[in-house]
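Number of protein chains: 4
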Amino acid sequence: MSRNIPLKGIIAYPITPFSAEGMVDINKYKTLLERMLKAGVHAVAPLGSAGVLPYLSDPEREAIVMATMEQVAGRVPVMIGVSGLTTERVVYHARFAEKQGAAAVMVIPMSYWKLTETEIFAHFDKVASAISVPIMAYNNPATGGLDMSPEFLAKLLKIPNVTMIKESTGDVSRLHRLVQAAGEDVAFYNGSNPLALDAFVAGATGWCTAAPNLIPQLNLDLYAAITKGNLAVALAVFRKQLSVLQFIVAGGLPRTVAAGLEILGINAGHLRAPLAKLSEADTEQLRKILSALA
Amino acid sequence: MSRNIPLKGIIAYPITPFSAEGMVDINKYKTLLERMLKAGVHAVAPLGSAGVLPYLSDPEREAIVMATMEQVAGRVPVMIGVSGLTTERVVYHARFAEKQGAAAVMVIPMSYWKLTETEIFAHFDKVASAISVPIMAYNNPATGGLDMSPEFLAKLLKIPNVTMIKESTGDVSRLHRLVQAAGEDVAFYNGSNPLALDAFVAGATGWCTAAPNLIPQLNLDLYAAITKGNLAVALAVFRKQLSVLQFIVAGGLPRTVAAGLEILGINAGHLRAPLAKLSEADTEQLRKILSALA
Amino acid sequence: MSRNIPLKGIIAYPITPFSAEGMVDINKYKTLLERMLKAGVHAVAPLGSAGVLPYLSDPEREAIVMATMEQVAGRVPVMIGVSGLTTERVVYHARFAEKQGAAAVMVIPMSYWKLTETEIFAHFDKVASAISVPIMAYNNPATGGLDMSPEFLAKLLKIPNVTMIKESTGDVSRLHRLVQAAGEDVAFYNGSNPLALDAFVAGATGWCTAAPNLIPQLNLDLYAAITKGNLAVALAVFRKQLSVLQFIVAGGLPRTVAAGLEILGINAGHLRAPLAKLSEADTEQLRKILSALA
Amino acid sequence: MSRNIPLKGIIAYPITPFSAEGMVDINKYKTLLERMLKAGVHAVAPLGSAGVLPYLSDPEREAIVMATMEQVAGRVPVMIGVSGLTTERVVYHARFAEKQGAAAVMVIPMSYWKLTETEIFAHFDKVASAISVPIMAYNNPATGGLDMSPEFLAKLLKIPNVTMIKESTGDVSRLHRLVQAAGEDVAFYNGSNPLALDAFVAGATGWCTAAPNLIPQLNLDLYAAITKGNLAVALAVFRKQLSVLQFIVAGGLPRTVAAGLEILGINAGHLRAPLAKLSEADTEQLRKILSALA
Numbered sequence: 001m002s003r004n005i006p007l008k009g010i011i012a013y014p015i016t017p018f019s020a021e022g023m024v025d026i027n028k029y030k031t032l033l034e035r036m037l038k039a040g041v042h043a044v045a046p047l048g049s050a051g052v053l054p055y056l057s058d059p060e061r062e063a064i065v066m067a068t069m070e071q072v073a074g075r076v077p078v079m080i081g082v083s084g085l086t087t088e089r090v091v092y093h094a095r096f097a098e099k100q101g102a103a104a105v106m107v108i109p110m111s112y113w114k115l116t117e118t119e120i121f122a123h124f125d126k127v128a129s130a131i132s133v134p135i136m137a138y139n140n141p142a143t144g145g146l147d148m149s150p151e152f153l154a155k156l157l158k159i160p161n162v163t164m165i166k167e168s169t170g171d172v173s174r175l176h177r178l179v180q181a182a183g184e185d186v187a188f189y190n191g192s193n194p195l196a197l198d199a200f201v202a203g204a205t206g207w208c209t210a211a212p213n214l215i216p217q218l219n220l221d222l223y224a225a226i227t228k229g230n231l232a233v234a235l236a237v238f239r240k241q242l243s244v245l246q247f248i249v250a251g252g253l254p255r256t257v258a259a260g261l262e263i264l265g266i267n268a269g270h271l272r273a274p275l276a277k278l279s280e281a282d283t284e285q286l287r288k289i290l291s292a293l294a
Numbered sequence: 001m002s003r004n005i006p007l008k009g010i011i012a013y014p015i016t017p018f019s020a021e022g023m024v025d026i027n028k029y030k031t032l033l034e035r036m037l038k039a040g041v042h043a044v045a046p047l048g049s050a051g052v053l054p055y056l057s058d059p060e061r062e063a064i065v066m067a068t069m070e071q072v073a074g075r076v077p078v079m080i081g082v083s084g085l086t087t088e089r090v091v092y093h094a095r096f097a098e099k100q101g102a103a104a105v106m107v108i109p110m111s112y113w114k115l116t117e118t119e120i121f122a123h124f125d126k127v128a129s130a131i132s133v134p135i136m137a138y139n140n141p142a143t144g145g146l147d148m149s150p151e152f153l154a155k156l157l158k159i160p161n162v163t164m165i166k167e168s169t170g171d172v173s174r175l176h177r178l179v180q181a182a183g184e185d186v187a188f189y190n191g192s193n194p195l196a197l198d199a200f201v202a203g204a205t206g207w208c209t210a211a212p213n214l215i216p217q218l219n220l221d222l223y224a225a226i227t228k229g230n231l232a233v234a235l236a237v238f239r240k241q242l243s244v245l246q247f248i249v250a251g252g253l254p255r256t257v258a259a260g261l262e263i264l265g266i267n268a269g270h271l272r273a274p275l276a277k278l279s280e281a282d283t284e285q286l287r288k289i290l291s292a293l294a
Numbered sequence: 001m002s003r004n005i006p007l008k009g010i011i012a013y014p015i016t017p018f019s020a021e022g023m024v025d026i027n028k029y030k031t032l033l034e035r036m037l038k039a040g041v042h043a044v045a046p047l048g049s050a051g052v053l054p055y056l057s058d059p060e061r062e063a064i065v066m067a068t069m070e071q072v073a074g075r076v077p078v079m080i081g082v083s084g085l086t087t088e089r090v091v092y093h094a095r096f097a098e099k100q101g102a103a104a105v106m107v108i109p110m111s112y113w114k115l116t117e118t119e120i121f122a123h124f125d126k127v128a129s130a131i132s133v134p135i136m137a138y139n140n141p142a143t144g145g146l147d148m149s150p151e152f153l154a155k156l157l158k159i160p161n162v163t164m165i166k167e168s169t170g171d172v173s174r175l176h177r178l179v180q181a182a183g184e185d186v187a188f189y190n191g192s193n194p195l196a197l198d199a200f201v202a203g204a205t206g207w208c209t210a211a212p213n214l215i216p217q218l219n220l221d222l223y224a225a226i227t228k229g230n231l232a233v234a235l236a237v238f239r240k241q242l243s244v245l246q247f248i249v250a251g252g253l254p255r256t257v258a259a260g261l262e263i264l265g266i267n268a269g270h271l272r273a274p275l276a277k278l279s280e281a282d283t284e285q286l287r288k289i290l291s292a293l294a
Numbered sequence: 001m002s003r004n005i006p007l008k009g010i011i012a013y014p015i016t017p018f019s020a021e022g023m024v025d026i027n028k029y030k031t032l033l034e035r036m037l038k039a040g041v042h043a044v045a046p047l048g049s050a051g052v053l054p055y056l057s058d059p060e061r062e063a064i065v066m067a068t069m070e071q072v073a074g075r076v077p078v079m080i081g082v083s084g085l086t087t088e089r090v091v092y093h094a095r096f097a098e099k100q101g102a103a104a105v106m107v108i109p110m111s112y113w114k115l116t117e118t119e120i121f122a123h124f125d126k127v128a129s130a131i132s133v134p135i136m137a138y139n140n141p142a143t144g145g146l147d148m149s150p151e152f153l154a155k156l157l158k159i160p161n162v163t164m165i166k167e168s169t170g171d172v173s174r175l176h177r178l179v180q181a182a183g184e185d186v187a188f189y190n191g192s193n194p195l196a197l198d199a200f201v202a203g204a205t206g207w208c209t210a211a212p213n214l215i216p217q218l219n220l221d222l223y224a225a226i227t228k229g230n231l232a233v234a235l236a237v238f239r240k241q242l243s244v245l246q247f248i249v250a251g252g253l254p255r256t257v258a259a260g261l262e263i264l265g266i267n268a269g270h271l272r273a274p275l276a277k278l279s280e281a282d283t284e285q286l287r288k289i290l291s292a293l294a
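If you read the protein sequences in the order shown, they are chains X, W, Z and G.
Going by our numbering, the letters in the first sequence line up with residues 1 to 294, in that order.
Going by our numbering, the letters in the second sequence line up with residues 1 to 294, in that order.
Going by our numbering, the letters in the third sequence line up with residues 1 to 294, in that order.
Going by our numbering, the letters in the fourth sequence line up with residues 1 to 294, in that order.
Derived coverage of chain G by chain Z (criterion: at least 3 residues anywhere in the stretch with Cβ under 8 Å from a Cβ of chain Z; other residues may be distant): (1) 47 to 58; (2) 85 to 97; (3) 119 to 133.
Residues of chain G placed beyond 12 Å of chain Z at every Cβ, according to the derived structure: (4) Gly-101; (5) Leu-231; (6) Lys-240; (7) Glu-262; (8) Ile-266; (9) Lys-288.
FYI, nobody ran anything at the bench for these hints, they're computed from the structure.
Being a predicted model, the structure only gives us computed values, none of them experimental.
Ideal placement from N, C-alpha and C gives every residue a C-beta, glycine not left out.
Chain X with its partners taken away, still in its complex shape (with noise of 0.2 Å):
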């Protein structure tokens, strides 16, 4: 049976921004996005951690996943963030992506109390069997607040329609392990930024990245050395970009990328309380940042 495997490359992960009065903002995301869909990414995925999905109430992730699928149009594949605390909430959002259109969901278990394994694989049938579309499972501890094994991982691509693993922990090791466990042909992505190459080498299919929102021709010139399996240009590529990625990791991406849009003359809008803009301080450093690339 050959699995559905609809994401590579460079996976581009839109922010929400608001407005002054605290809405979202959808003509200004859909001005965001199409940035991206411009500059050449090869998917994008709203309703991450960069979109801040857990602070959006229902009907304004619902809002998002109709003007991304409108904004995008069928340039390329889009996937929908859709996790959320419950279950129940997760398959309501998960169907509402499929029939959106989206060519695949993304759920990252989230933590108020910790989950078994049993619990989180329940979680995530129950999703899978409410849908058709594939979903890649996303293991970020650092945000979702559970850790899941890379030999978990490789569980849970025995249901049917989980077919793509997210791994975000910046350990390069668990995505060996991951191989190890799941074979050679998993389809793994890399969610943590200041791993880009290294994933890569380690056989990622893709990077999931906030990334393209301010350095994406960087970005795609990285996927591109390692297509061409040109190690001495994709470490160079990754070095140039490498102090970008690291502090929009270290600052929280929502607040570093709306910091970074603004010092590139984009408006992104305002943050939803109780996140805030970045300092002043932080703003200059990220602005010298830039500035070395430009």
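Starting from the known structure of chain X, fit chains W, Z and G onto it as the hints suggest.
Same frame as chain X, but now just chains W, Z and G:
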């Protein structure tokens, strides 16, 4: 200026029972609540971690608040958990709780994105300025995903109606540091069950706990021994209940408290997915621990 | 069978002073030791962490043992630290200590390579079978690099002359777990200074501490309050000395105790490289903390 | 000024075999060393972690150094581990190594007491000023107990004959940060076996490893693929040996390498207590892993 500290002693946290169809079961909730009131707890605190606050919709939260006020009917102070990911929602629920007659509200800063101290402070400040009842600031990185140092917690007490601190890391040295930072008259509460004795010795005003769902008399006996300064009795009664306290923390309160209630012959309803029933092996272990107390 | 438990109360750990040329200064050592004896400590324990045991050659260790026995001259029990990386050397030093009249020896399993529990048990077993005096098994992962659980420590007590446990992780819940695993009559000692009050409340037989180098009376006062069951006095006297306890742990005992002695007008000699004198800024902070007690 | 960088490629770490009576077995040591030399490793490094340096007496260390120089007889560069807890002893052993003809010495700062960065820097500085051969500064908190950041390691390179860095945390991001801090021409070495591929991709000059005791050809093949820039071959040969690398790290090098040698039919002597032979179950697992390679 004297500060408003409406809570002391054993502050009981009810669980939230669900029907087989996954709906909040308000009648069962009232029954479970009444058991603890009858047992003599000094205050109740619905919509905490044990009450799976983050897994509830806004209307469900409001229904729990109203049911609690009605059932308690002024017999003890009621503190309502009003936490959420966005400041706007916390303000909303804090106002609702105040309007319904809560003696206090509890706020744990929650993370998807890690918050800076500046962001956390602004979050508390905005909520505090929207209401008049006192706030208990609650630190529990294991559930909320954010860790506030004792020194930072002391700073939160500068906000006029943030008058109480709840600490749940289980590190007694943090309680001593809080006293160093905030002064010996600081009103702090312990939320780590296995630290119950040590926290009272360190000067805690109260113990925020779901244990009274299962062993209210032992909880009350510990507090009584402490208020009498009887260290030997306090140690003995603490040691007697320690295995229960350790067990309910290790297995997650919603699962273990529900299992314990069933063992005691009380219908605790269902859990909301992805949370699942305690495993049979763990339930058997809890049965042994509870039998040893009978 | 009754077990040999020769130590209780305040067990004082002397530092090891060095000359400007880097030699152990035995005369200065005796002077510093005598101060604590005069102050009324209940036992002394040379060649512990404070005494920089691992930094001494075998002959230096033996010289310290002999100087201690001579200076103490039977006034209080002496426990000798005999730890080392290899079992053969620990046996050697344990026999030496016994021959010189030590009331007990202390053994911390030390790591370069992490040891399995089987290896650690065999290590204690071999040392125990080589001597007749009782052994205090000491857990301190922060220095020794190995962590033994309370449950494993309880197993060590099955070895006939392992009769005492010293716990230094600073986690009071481990003390309660040790009692659960080893029974309420277990002789355990606290080695974490900031946990002094809490450990006594949990039932500790003694406090192993370098603090009597600086504040012997406050240490003794805490023990006296505890033995009288006077919780309010115990808390007050603990809070009074807590800043000193926190400071000497945070800055490393050899450096901070030496600096504190100098502040008190007592020549503490030199440290052995790579350990270096406390920085001027930290020394100033300690001066303020000590002044506040005067 | 050009810096002295005498090592590259596969730098092999011999183990230290003991007799049944617990003595260092020099003849067996030479035999084991010769096997790796014959296999074609690019350098050897006795008295590292695999060689249980900290468990040896000073005369034993010197005997190993002399045996190594004699056996190698100039065929490859020799780097001697000269680490110890006190600066005085490290200087002593560094001078001895230099006198015996070592091409370099390796120094890991070791802790009983955690050292400040000032203390660590002074430690390296004193050792460096006592000798003329280049020093490899080695970071491995899992064994040495101290963690040096990439930024601090870059500072150590300011000391004239500290010319090489060995990093063993297994975190590839540290290697990239080291390049950011020290420049692209920094000579760094990987000491984390499971990171072998990733470290070479990140630009490592060599791989410090005990794996050539068991699988020298696979280790050499990886380096050859990297020097040819053949990423696909490098990934394949890395994946082939990864289970061995993971196993020897997880079980501790001295135990697992000795067990592996026995499996390969080579007498590896005894371990020094408290280190004990690998368990039968683990040995069986290693047998399977090695069989799969044959």
